[in-house]
Amino acid sequence: TQLLEQSPQFLSIQEGENLTVYCNSSSVFSSLQWYRQEPGEGPVLLVTVVTGGEVKKLKRLTFQFGDARKDSSLHITAAQPGDTGLYLCAGAKRLWNAGNMLTFGGGTRLMVKP
Amino acid sequence: EAQVTQNPRYLITVTGKKLTVTCSQNMNHEYMSWYRQDPGLGLRQIYYSMNVEVTDKGDVPEGYKVSRKEKRNFPLILESPSPNQTSLYFCASSFDERNTGELFFGEGSRLTVL
Numbered sequence: 163t164q165l166l167e168q169s170p171q172f173l174s175i176q177e178g179e180n181l182t183v184y185c186n187s188s189s190v191f192s193s194l195q196w197y198r199q200e201p202g203e204g205p206v207l208l209v210t211v212v213t214g215g216e217v218k219k220l221k222r223l224t225f226q227f228g229d230a231r232k233d234s235s236l237h238i239t240a241a242q243p244g245d246t247g248l249y250l251c252a253g254a255k256r257l258w259n260a261g262n263m264l265t266f267g268g269g270t271r272l273m274v275k276p
Numbered sequence: 038e039a040q041v042t043q044n045p046r047y048l049i050t051v052t053g054k055k056l057t058v059t060c061s062q063n064m065n066h067e068y069m070s071w072y073r074q075d076p077g078l079g080l081r082q083i084y085y086s087m088n089v090e091v092t093d094k095g096d097v098p099e100g101y102k103v104s105r106k107e108k109r110n111f112p113l114i115l116e117s118p119s120p121n122q123t124s125l126y127f128c129a130s131s132f133d134e135r136n137t138g139e140l141f142f143g144e145g146s147r148l149t150v151l
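Going down the list, the protein sequences come from chains A and B.
The first sequence lines up with residues 163 to 276 when you count with this note's numbering.
The second sequence lines up with residues 38 to 151 when you count with this note's numbering.
Worth flagging that the hints you see were computed from the coordinates, not collected in a lab.
Values in this document were obtained by computation on a predicted structure and should not be read as measured data.
Keep in mind that the hints are not guaranteed to be accurate.
[What the hints assert, rightly or not] Straight-line alpha carbon distances no greater than 27 angstroms define the calculated BS3-like cross-link-like pairs of lysine-lysine that follow:
id: 1; chain 1: A; residue 1: LYS255; chain 2: A; residue 2: LYS219
id: 2; chain 1: B; residue 1: LYS106; chain 2: B; residue 2: LYS55
id: 3; chain 1: B; residue 1: LYS94; chain 2: A; residue 2: LYS255
id: 4; chain 1: A; residue 1: LYS255; chain 2: B; residue 2: LYS55
id: 5; chain 1: B; residue 1: LYS94; chain 2: A; residue 2: LYS232
id: 6; chain 1: A; residue 1: LYS255; chain 2: B; residue 2: LYS102
[What the hints assert, rightly or not] Far from chain A, by Cβ distances over 10 angstroms, these chain B residues were calculated:
id: 7; residue: PRO45
id: 8; residue: LEU48
id: 9; residue: LYS55
id: 10; residue: THR57
id: 11; residue: TYR72
id: 12; residue: LEU78
id: 13; residue: GLY79
id: 14; residue: LEU80
id: 15; residue: MET87
id: 16; residue: TYR101
id: 17; residue: LYS102
id: 18; residue: PRO112
id: 19; residue: GLU116
id: 20; residue: ARG135
Backbone N, C-alpha and C define an ideal beta-carbon position, used for all residues, glycine too.
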């Protein structure tokens with residue numbers, strides 16, 4: 163059982179549609195990051211949310227951190243083919259050695275068709 | 038150009054034949070980490086290092102070894118690879134030794150163990 167559940171796992175939509183990806187957990191995180199990964203490449207950070215209830219916008223992407231810091235959502239408005247990729251959420255927890263461990267969700271594979 | 042470089046990018050090997058995947062970063066980052074990525078399971082941490090000569094186990098360390106003799110290099114060693122280690126491997130680094138910030142990922146190394 164994964165600590166972070168992402169849904170949906172797969173999403174295929176037409177250009178111009180809106181979509182929301184969810185990242186849910188029963189654990190509390192100190193912060194949560196969203197990454198996007200394209201084929202043949204490593205993940206690239208999109209945003210970090212830290213405060214419960216925080217909302218951050220990155221052009222057509224809106225990220226929200228749940229009030230209890232257990233869940234997050236990514237909403238894309240008017241999706242473009244360039245948004246195609248694997249979206250990963252990652253929750254941060256403090257370790258015994260004062261470091262932070264990132265736990266990744268299983269990912270949402272998004273395809274936006276022209 | 039700031040980057041994390043992994044080698045080899047692709048490797049097919051046989052059970053029991055020792056192999057090393059190298060990782061090098063040119064950003065003077067303190068923190069480095071290895072992940073494996075499997076379908077539906079997201080990224081799972083194998084080992085991490087908060088600084089030179091400091092390494093710790095992640096979620097799935099069995100069958101792997103690492104070393105951090107220099108700041109820039111963090112090789113992943115499979116002493117006796119088995120088919121269940123067939124996966125896509127990513128090396129990542131972060132400026133902060135506590136990994137509170139962005140993770141920078143390499144392009145990945147796809148390993149197949151026959």
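field: Index of numbered hints that the structure contradicts, given in increasing order
entry: 4, 11, 12, 13, 14, 15, 20
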